[in-house]
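Asks: This is what each chain is made of:
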Amino acid sequence: MTLMRDRTLLIIFTLFVLAAPLIFAPTGAAYPDLLQRFAIYGIFAIGFNILFGLTGYLSFGHAAFLGVGSYSAVWMFKLLSMNILPALLLSVVMAGIFALLIGYISLRRSGIYFSILTLALAQMSYVLAYSVLTPLTNGETGLQLRLDDPRILDAAGPEGFLPSTNLFGLEMKEVFWNPTVFGYDLQFNWGYYVSAVMLILSFWISIRIFRSPFGLMLRAIKTNQTRLNYTGVNSRPYTLAAFVISGMFAGLAGGLLASMDPLAGAERMQWTVGGEVVLMVVLGGMGTLIGPVLGAIFIKYFENIFSKINEVVLQGWFSFLPDWLSNFLVTIVSPFVGRGWGLTLGALFMIVVIFLPGGLVDGARRIMRKITGADRRAAKARNE
Amino acid sequence: MSKLILNRRGLLKTGAAVGAGMAMPTILTAASDGGYTNAPTGSTVTLGFNVPQSGPYADEGADELRAYLLAVKHLNGEGDGGMMNTFSSKELKGNGILGRKVEYVTGDTQTKSDAARASAQSMIQKDGAVMITGGSSSGVAIAVQGLCQEAGIIFMAGLTHSNDTTGKDKKANGFRHFFNGYMSAAALAPVLADRYGTDRKAYHLTADYTWGWTQQASMAAATEAKGWETVANVLTPLTTTDFSSYIAPVINSGADVLVLNHYGGNMINSLTSAVQFGLKDKMVNNKNFEIIVPLYSRLMAKGAGENVKGIFGSTNWHWSLQDEGSKAFVQSFGQEYGFPPSQAAHTVYCQTLLYADACERAGTHNPCGVGEALEGFKFSGLGNGDVEYRAEDHQCFKDVLVVKGKENPTSEFDLLEVVEVTPRAQVEYDPENEFFAGGSLGTCNPGA
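Listed in order, the protein sequences are those of chains A and B. Final position of the first sequence in the numbering used here is 384; the numbers increase by one with none missing. Final position of the second sequence in the numbering used here is 448; the numbers increase by one with none missing.
Simulated from the structure, these hints should not be mistaken for laboratory data. Remember, it's a predicted structure, so these values are computed and weren't measured experimentally. For glycine and all other residues, C-beta sits at the position ideal for the given N, C-alpha and C. It is possible that part of the hints are untrue.
Over 10 angstroms on every C-beta distance to chain A, these chain B residues come out as not near it, computed from the model [as the list claims (entries may be wrong)]:
1. ASN85
2. GLY227
3. SER245
4. ASN269
Residues on chain B that point at chain A, a partial pick, calculated with CB under 10 angstroms [to be verified]:
5. VAL105
6. THR106
7. LYS112
8. ASP127
9. SER137
10. SER162
11. ALA172
12. TRP211
13. ASP323
14. GLY442
Working from the sequences, and respecting the hints, build out all of it.
Replies: Here's what the structure looks like:
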């Protein structure tokens, strides 16, 4: 039964991801850069959920692995080749090594002490990237490609042009198909589909981990670690493995970010990014399979679309109303959009946490239950 | 229903090899795309205004946005036309650009490279912007300039003062009207040596990113050439808000000059902190302790209040200038918003006009055509006297103003007085100067 459900979920998920340029067209989010971000932060959140959702260990330090992944990838682009494969490989490996190191230290404690340790270590990594290791990271300015980088595996391109990141010739920034459907200008882009395949793979791995004995052990740790220890099980190797796996997911996400847009900045390692992924997972539904991806999409949508709504756009929306009313509405609404997008997000976050403790997935289930009236099935689904 | 049109980027390179079946028909309709990224097809043309609306440079960003909106108004023939009337090139007629009405989109850079690039990307991919401008931080400007180069979009840099923007990180699609750290130092050093003597010990506090680094290096080199000694250079993160822990060590360092390589909110906080510690009233080495802020703006002077009195710095432009261009700009900006514009507002207004004018002269929005029209372009009437866009590095060369915080301000805007207008010849440099070497413009990229 579970196997069947997982298979259906995976198939639906795959179709959804592959059709995203079409699905998101009416929302104004269907341009390559944002779709790539949806997929990449989806991977980041899926990885984070393996640690946080299963073991309950709340890490504030995952931004460090995202940053390490980005820096590794950009260095591979500079030194080796613009093919993203070696870059992604190094990102995952480097992030894994970092995660092993940070995990080994911080997993000596649990609960709030663990969270604080990861936060401290991540902040140290940020400071290292920002002001100490500047020859390696270029500090605040960020690491960029240059015309005179060696790129020893690549043939010299046309004079004066930076080569593009590619996967065996498929250029990440290239829109390979640009049809108009229902009046929407759709952009199918290689970069998005590379990220999408990675997202589907990550989702599949996450399902496998959730259903494995290893996943069961992680859940046991979350439920009652003390009891587990009394029964003679040493839980540390399991938590460390979960930590490293989720760190590697973050590294992959960081590498992908750099592959889509070859720039790595220190702010990618800042604690706010680490906090954002926590928000994504909680908002979407921690411990659920699909929740983290929904949360990632939700937050990135707000950050990129809501922050672009300025007063002129608002005036356009309300222009059908009488002047005094439209002016009034613009005054009321404008603090919550544009640069005030964070305010709206915060309010929504509060509403979700208070009324839907299980996140967006919880909300969707409640609605489904209302529609189908199938209480029993829904209750069962919640227990999975 | 699915009409195949040319994909925008990289078609000629590898696209054909891969998606052969899908991509082949698209080549046939290539002409409709104009041959460059986001070629405008309708009756409007979209510009992207990418400015910080949060973070330490938010004040500057807000003022930039005001100036952009004013420029759009003037280009579309609304308002009094501002500096379009005094501009030496008479191509702009108030009917938009190339007959198309100017529209715009705005975005928040958050003073972060990542966010700025995401915002610029969405302007290019989603809104079809044909030019991106803005950036109140050199780190951001350099990041976005790199993005525009790769996407095939013109980038008209706003407030960016780092040498690197038109130095080692210069790009063929990027143009800067604002001056830079080297020019500030070249203009300031003689004035400082004149007022404070040639035997001084300087302590630098520097914002820890490309702008701070290059301005500090320029200032140190220029003042050392006048006989000063650089005691120390301490880097402060851009996000610092409390500078007291950085100011305390200055007192015991034996330095008699403090150089604050800070801008915006950073400078307001560090200067306030320095004054609170009593640095301005101290005597060190039998000399009056002095503070210098190499890059000054009215917004900062306003934020720092009383503390700016008597402090030297340099600026790209100041609203009290009495030439026709400046007067026209201050007049129409003042009418619109009720206060005089800052140097940030001035530079982005100029950039918008310069871009529009270059399009008119080139007869296209194609970045290569626009770039050619801007390279080596000589103009006047935009408030800085005679100016030239140098072809070698896409940097504008013009006079630099050395300013001082006014002792007796007559109004809340009258905070700076112009001490000297340093002629352009004195701040000019070779493109391969040690502070600028190591970069290459590359080739202009029209995208598609």
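Asks: Each of the hints needs a verdict: does it hold here or not?
Replies: The hints, checked one at a time:
1. ASN85: holds, 26 angstroms
2. GLY227: holds, 30 angstroms
3. SER245: At about 15 angstroms from chain A, SER245/B clears the 10 angstroms cut-off, so the statement holds.
4. ASN269: Consistent with the label, ASN269/B stays out of reach of chain A, its closest Cβ about 17 angstroms off (over 10 angstroms).
5. VAL105: holds, 7 angstroms
6. THR106: holds, 5 angstroms
7. LYS112: holds, 5 angstroms
8. ASP127: holds, 8 angstroms
9. SER137: Hint holds; SER137/B Cβ to chain A Cβ min 8 angstroms, cut 10 angstroms.
10. SER162: holds, 8 angstroms
11. ALA172: For ALA172/B, the interface hint holds, since the closest Cβ of chain A sits about 7 angstroms away, which is under 10 angstroms.
12. TRP211: For TRP211/B, the interface hint holds, since the closest Cβ of chain A sits about 9 angstroms away, which is under 10 angstroms.
13. ASP323: violated, 32 angstroms
14. GLY442: Holds, about 4 angstroms.
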